[in-house]
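Protein chains: 4
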Amino acid sequence: MKIVDDTSGDRLTAIVNDLRDFVRERDWEQFHDPKNLVMALVSEAGELAAEYRWVPNDASDSWSHDPDNRERIAGEAGDVGIALLLFLDRIGVDFVEAVRAKLEVNRVNYPQGPSRGKPDRLRT
Amino acid sequence: MKIVDDTSGDRLTAIVNDLRDFVRERDWEQFHDPKNLVMALVSEAGELAAEYRWVPNDASDSWSHDPDNRERIAGEAGDVGIALLLFLDRIGVDFVEAVRAKLEVNRVNYPQGPSRGKPDRLRT
Amino acid sequence: MKIVDDTSGDRLTAIVNDLRDFVRERDWEQFHDPKNLVMALVSEAGELAAEYRWVPNDASDSWSHDPDNRERIAGEAGDVGIALLLFLDRIGVDFVEAVRAKLEVNRVNYPQGPSRGKPDRLRT
Amino acid sequence: MKIVDDTSGDRLTAIVNDLRDFVRERDWEQFHDPKNLVMALVSEAGELAAEYRWVPNDASDSWSHDPDNRERIAGEAGDVGIALLLFLDRIGVDFVEAVRAKLEVNRVNYPQGPSRGKPDRLRT
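Protein chains in written order, with the numbering used here: chain G, 71 to 194; chain C, 71 to 194; chain E, 71 to 194; chain L, 71 to 194.
Derived from the structure by calculation, the hints contain no laboratory data.
Among these hints, one or two may not hold up.
Copies of the same chain look alike in the list, so a pair counts if it fits in one copy or across any two.
Said to hold, decoys possible - In silico EDC-like links for lysine to aspartate or glutamate, alpha-carbon gap of 20 Å or less:
| hint | residue 1 | residue 2 |
| --- | --- | --- |
| 1 | K188 | D91 |
| 2 | K188 | E99 |
| 3 | K188 | E174 |
| 4 | K188 | D88 |
| 5 | K188 | D128 |
Generate the whole structure from the sequences, applying the supplied hints.
What follows is the structure, given as structure tokens:
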């Protein structure tokens, strides 16, 4: 148990504030309109995809946990996370709320029984 | 001020747990190796890019805040967030830590003074 | 053997001309600056990735040749091709020349002997 | 006017053959299943997106034609083209036919009059 301030104690709020400061200190808000940030997000996601392109499915877990790869991959994923958080902050949407809202939609679109073992949306 | 349990009170930990349950209840771990989750992430990022492809830079802030677009965009960003969280959980990396670690790297690569107003990495 | 005019007889030149007409007839040049076309390209590539995200490597050949999937996949790849051709046409670069130039670069970066069986660029 | 053999004289057929030889000489067919090639395509498209992320729409034409940028961009687009051609060759689909087929679909989905000046699919 820990006593925390509702806002400052939230790890996510803290990192978003730090990202915002990082951008402001470099006068980068001018480049960070939503369109550009989505383009940055896509390019960072592409770099993460580059890491896995030649790794077979059945080796991709062990490959990801190899210390030689792990830090590099976490770094690429961190880039994706930065772009996503900056984008959401720019349009005024909270990360966890966006994820939670979509999860609730997915509960409807992928009902537990019929979707069992079937990762694609069911056609009705 | 609020009293919270260190783990359960963390909004991010809570949503990751919920995502994990959602996947387990549908027996989808078999599809969710790191390679496939990165591929899912890239395709969700592509859907977000589709939203912005014809929106000009200088209209993209107001366009994003239009209620007609906002919820749809938050939904696409939520999909990206879900894929990213599931990927990081699968490889055992914490989202905020990955973002924080990369932010620290960026502080070195983009020093405040020289990078002011210049969004590209400086060539040295 | 066939006698063809160098330009009009080229299948690629013909399809680029048709794409150009298609765009002009709809007054879409205003949306088709290079940035937007790259964003369109990325989103179409993401749709193609969506098709393969849950298909395991060792099933992806047979899955691609299944008539149920083949036409849909060819359609997604066609979308990627359209975006790429429109982009290259807009910046005044020929598709085959761009591919040929990069192939020559790759011959240097991936020398035949040392790169045998190794798909990643060699670190020297 | 030029006398060419229908197949060997086609620039596209020639480059696809050269790409095929390049892959075979390095024993890379083992890595080039359709899933991996799509992942390569997406990562190359992401690199192209990285080039344009901070370039505003209204500067993107002149920026693309700047000799300093042009060759680098053509190279990135060449990478996308290589991945796309290798993918299509692997699944046995001709590039121009895939583009042509999709263009015909687009003629139906984006009728000339109603789609004039409107780049998004019409909702009916």
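Exercise. Any of the earlier hints contradicted here, and which numbers?
Worked result: Per hint list: zero violations.
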